[in-house]
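Here is how the chains run, residue by residue.
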Amino acid sequence: MTAPIRATGTPDRTGVPAPARPHRGAALVALAGAVALAVVLSLAVGAQALNPVAVWHAVLDPDPAAPATAIVRELRLPRTILGLLTGLALGAAGALMQGHTRNPIADPGLLGISAGASLAVVVGIQLGVGSLTGYIWFAFAGALLTSVAVFAIASARGGPTPVTLALAGLAISALFASFTQSLLIADAASLNMFRFWVVGSLSGRDGQVAAQVAPFIAAGLLLALVNAPALNALGLGEDVARALGQRVLAARVLGVTAVVLLAGAATAACGPIGFLGLVVPHLARRLTGPDHRWLIPCSALAGAALLLVADVLGRVVVSPGELQTGIVLAVFGAPFFIMLVRRRRGVVQL
Amino acid sequence: MTALTTHRVVRFGRFCGTVSGRSLAVGTVGLLGTAAVTVLSISRGSFTIAPADVLRTLLGHGTAAQDLVVLDLRLPRILAALLVGAALAVSGALTQTFARNPLATPDVLGVTNGASLGAVAVIVLAGPAVRTVPLAALAGGLSAAALVYLLAWRRGVDGFRLVLVGIGVGEVLTAGVSWLLVRAEIVDAARATIWLNGSVASAGWEQIRPLALALAALLPLAVATSFTLRAMQFDDDVVRSLGVRLQAARLAVVLTAVALAAAAVAAAGPIEFVAFVVPQIALRLCGGSRPPLVVSAILGALLVTAADLAARVALPQRELPVGLITAMIGTPYLLWLLVRANRRTSA
Chain H
1 MTAPIRATGT PDRTGVPAPA RPHRGAALVA LAGAVALAVV LSLAVGAQAL
51 NPVAVWHAVL DPDPAAPATA IVRELRLPRT ILGLLTGLAL GAAGALMQGH
101 TRNPIADPGL LGISAGASLA VVVGIQLGVG SLTGYIWFAF AGALLTSVAV
151 FAIASARGGP TPVTLALAGL AISALFASFT QSLLIADAAS LNMFRFWVVG
201 SLSGRDGQVA AQVAPFIAAG LLLALVNAPA LNALGLGEDV ARALGQRVLA
251 ARVLGVTAVV LLAGAATAAC GPIGFLGLVV PHLARRLTGP DHRWLIPCSA
301 LAGAALLLVA DVLGRVVVSP GELQTGIVLA VFGAPFFIML VRRRRGVVQL
Chain C
1 MTALTTHRVV RFGRFCGTVS GRSLAVGTVG LLGTAAVTVL SISRGSFTIA
51 PADVLRTLLG HGTAAQDLVV LDLRLPRILA ALLVGAALAV SGALTQTFAR
101 NPLATPDVLG VTNGASLGAV AVIVLAGPAV RTVPLAALAG GLSAAALVYL
151 LAWRRGVDGF RLVLVGIGVG EVLTAGVSWL LVRAEIVDAA RATIWLNGSV
201 ASAGWEQIRP LALALAALLP LAVATSFTLR AMQFDDDVVR SLGVRLQAAR
251 LAVVLTAVAL AAAAVAAAGP IEFVAFVVPQ IALRLCGGSR PPLVVSAILG
301 ALLVTAADLA ARVALPQREL PVGLITAMIG TPYLLWLLVR ANRRTSA
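For the record, the sequence lines run as chains H and C.
Each step along the first sequence adds one to the number in the working numbering, with nothing skipped, and position 200 is 200.
Each step along the second sequence adds one to the number in the working numbering, with nothing skipped, and position 20 is 20.
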């Protein structure tokens with residue numbers, strides 16, 4: 001498995017330190033602008049289209065009598081905040097995951113997060129937990145326990161390597177997916193609730209959900225940024241990283257903790273949203289290059305913008321119905337991802 | 001183990017390769033185990049038949065009652081398990097070698113997801129039309145694989161691009177399945193979920209015959225391509241300089257893997273774990289640098305028949321999906337291998 005790192009050009013070969021890349025800062029600003037635009041869209045567009053002025057008033061200067069106030073403050077604002085949080089989380093988690101496994105097709109699901117959360121949700125439903133705010137804790141606990149188990153197995157006696165991490169993740173995922181499915185076969189009522197969770201959506205989540213996951217995502221983002229310099233060193237290989245004075249195991253544990261917090265919280269809140277963590281780092285890497293100190297924040301912002309836009313599209317394309325965010329992301333994101341893959345120059349191996 | 005790692009040269013026309021003593025030993029033990037599990041599995045059930053009587057019946061000397069239970073009721077199911085296991089394992093071994101990646105399975109070629117979308121679409125949209133489900137699965141699997149291959153084609157296909165494109169296409173197909181399940185009546189969603197679990201419980205001769213034909217045609221092809229696969233582990237330039245026609249060889253390998261997986265999934269639904277874990281187990285048991293094909297086939301058949309037996313014996317009242325059991329057997333074993341391999345490299 002070769003790192004998904006593109007050659008940075010002449011500076012490396014000549015030994016001259018790489019010059020500051022001015023367009024990275026511009027990329028960060030542009031992405032932040034895109035997120036702001038997506039937030040406005042998410043607040044304004046829907047079954048009832050609102051103009052930005054009405055949205056502005058509803059958010060900052062609420063008039064209880066105006067119909068826009070109720071729509072924005074009770075329906076769209078919680079949904080937008082949730083989309084913002086999970087988008088940031090999934091984007092950053094994807095970049096971290098691909099960096100740590102040195103595998104360009106790694107996404108947060110690889111640690112068993114989706115499988116563990118799914119199993120826990122089904123168990124929660126069977127125990128009689130009927131509301132999303134209730135089984136969010138099951139999902140989070142499931143994601144947490146599974147990824148800790150996967151990481152522990154992969155690092156048994158000798159520290160995790162990219163391959164053992166991915167193999168352990170896949171093995172546990174397959175096992176848990178089978179448990180989930182066999183519980184669902186036996187119980188149509190559980191299936192009925194579960195199928196709406198597993199499709200991955202922002203709709204029907206009230207403000208409480210966002211409030212529940214926000215602290216975990218904030219902590220995860222902080223850890224991700226702290227982990228970024230070490231990740232740059234690890235990209236050179238574990239031996240080189242060690243020679244450079246990195247504490248490899250500590251860096252791995254920190255990274256996995258961040259991924260678990262970010263992806264676990266996002267999955268718990270919205271259900272598995274598969275595509276985002278996979279595609280966003282590839283997009284961001286084109287803007288920033290391989291430096292994780294830039295890549296992680298840019299991935300987070302791109303994730304948030306993309307998730308919100310996908311959610312808005314889902315409200316518009318099949319109006320008056322609604323297409324779940326996870327489905328929109330797959331349908332619109334996959335062709336884009338395939339185009340990226342086809343454009344890639346040179347032979348890159350796994 | 002060093003005493004067993006003698007290699008014998010095998011020649012087959014213009015193809016030439018080596019077989020290690022260790023692979024032979026593993027293969028033989030695997031075959032014996034498969035035979036034992038098959039006989040045991042036929043003998044167990046609500047109407048128990050002694051293993052000796054099972055053998056007698058299989059050889060054509062049973063009573064009418066034994067003929068009914070063994071040949072008409074239990075044999076199709078066991079045969080389906082044997083064939084599905086072998087087909088999935090070989091498909092997985094081919095894919096993993098082709099992509100030079102232990103994580104690649106036929107799933108990343110789009111086969112499983114395409115078959116699932118085809119089958120679920122028929123179940124949800126067309127109502128109870130049992131006969132067309134395997135056909136829809138086959139059509140879905142093959143067309144998804146064709147789409148992946150075409151999208152990955154750019155002056156040739158390399159393994160990495162194929163895997164990435166396959167994952168992209170797979171995400172869309174999975175989203176399609178989720179969407180159909182959300183839209184479906186709960187009864188149809190439940191039926192679709194049963195299919196999505198993979199099962200050989202209802203297999204009859206109409207599922208087994210095409211699968212057996214596919215295996216009979218494709219297994220020799222897979223073994224023939226394995227001589228080329230040996231070269232494919234190297235860099236593309238090295239492979240070409242060894243005189244291999246790279247794109248033709250790749251197309252043959254991918255076609256074989258796809259056809260095997262599609263035939264298996266059409267017959268039994270997705271039993272995903274087998275293609276992923278069996279080649280890795282076979283590789284670690286036999287040594288070497290890539291999953292062995294024949295041993296993978298044997299171990300795949302063994303795993304699925306044993307899992308099917310366990311599913312029937314463990315909870316006779318409630319049919320467990322065979323995929324659950326394959327996962328329960330395969331996961332701990334794979335994890336143990338991982339831990340052991342780690343220990344060896346770190347020591």
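Keep in mind the hints are simulated off the structure, nothing from the lab.
Be careful, since some hints might not be right.
What follows is a set of in silico ranges between Cβ atoms, one per label pair, in the way DEER data are often shown [stated by the list, open to error]:
| # | chain 1 | residue 1 | chain 2 | residue 2 | range |
| --- | --- | --- | --- | --- | --- |
| 1 | H | G207 | C | D235 | 49 to 59 angstroms |
| 2 | C | Y333 | H | G207 | 38 to 48 angstroms |
| 3 | H | Q208 | C | L31 | 38 to 48 angstroms |
| 4 | H | A214 | C | A216 | 36 to 46 angstroms |
Only part of the chain H face toward chain C is listed, based on derived beta-carbon distances under 10 angstroms [said to hold, decoys possible]:
| # | residue |
| --- | --- |
| 5 | W137 |
| 6 | I153 |
| 7 | A188 |
| 8 | F196 |
| 9 | R247 |
| 10 | A251 |
| 11 | L313 |
| 12 | S319 |
| 13 | P320 |
| 14 | L323 |
| 15 | A330 |
| 16 | G333 |
To list a few chain H residues with every Cβ distance to chain C over 12 angstroms, as calculated [as the list claims (entries may be wrong)]:
| # | residue |
| --- | --- |
| 17 | L60 |
| 18 | L77 |
| 19 | L127 |
| 20 | L167 |
| 21 | Q212 |
| 22 | G237 |
| 23 | T257 |
| 24 | P272 |
| 25 | P335 |
| 26 | M339 |
| 27 | V341 |
Ideal Cβ placement from N, Cα and C applies to all residues, glycine included.
Against the structure, the hints come out as follows:
no., hint, in the structure
1, H:G207 / C:D235: 49 to 59 angstroms, "holds (55 angstroms)"
2, C:Y333 / H:G207: 38 to 48 angstroms, "holds (46 angstroms)"
3, H:Q208 / C:L31: 38 to 48 angstroms, "violated (59 angstroms)"
4, H:A214 / C:A216: 36 to 46 angstroms, "violated (59 angstroms)"
5, W137, "violated (23 angstroms)"
6, I153, "holds (5 angstroms)"
7, A188, "holds (5 angstroms)"
8, F196, "holds (6 angstroms)"
9, R247, "violated (17 angstroms)"
10, A251, "violated (18 angstroms)"
11, L313, "violated (14 angstroms)"
12, S319, "violated (16 angstroms)"
13, P320, "violated (15 angstroms)"
14, L323, "holds (8 angstroms)"
15, A330, "holds (4 angstroms)"
16, G333, "holds (8 angstroms)"
17, L60, "holds (36 angstroms)"
18, L77, "holds (25 angstroms)"
19, L127, "holds (19 angstroms)"
20, L167, "violated (6 angstroms)"
21, Q212, "holds (24 angstroms)"
22, G237, "holds (15 angstroms)"
23, T257, "holds (21 angstroms)"
24, P272, "violated (9 angstroms)"
25, P335, "violated (8 angstroms)"
26, M339, "violated (9 angstroms)"
27, V341, "violated (4 angstroms)"
Figure legend: structure checked against the earlier numbered hints; hints not met, in rising order: 3, 4, 5, 9, 10, 11, 12, 13, 20, 24, 25, 26 and 27.
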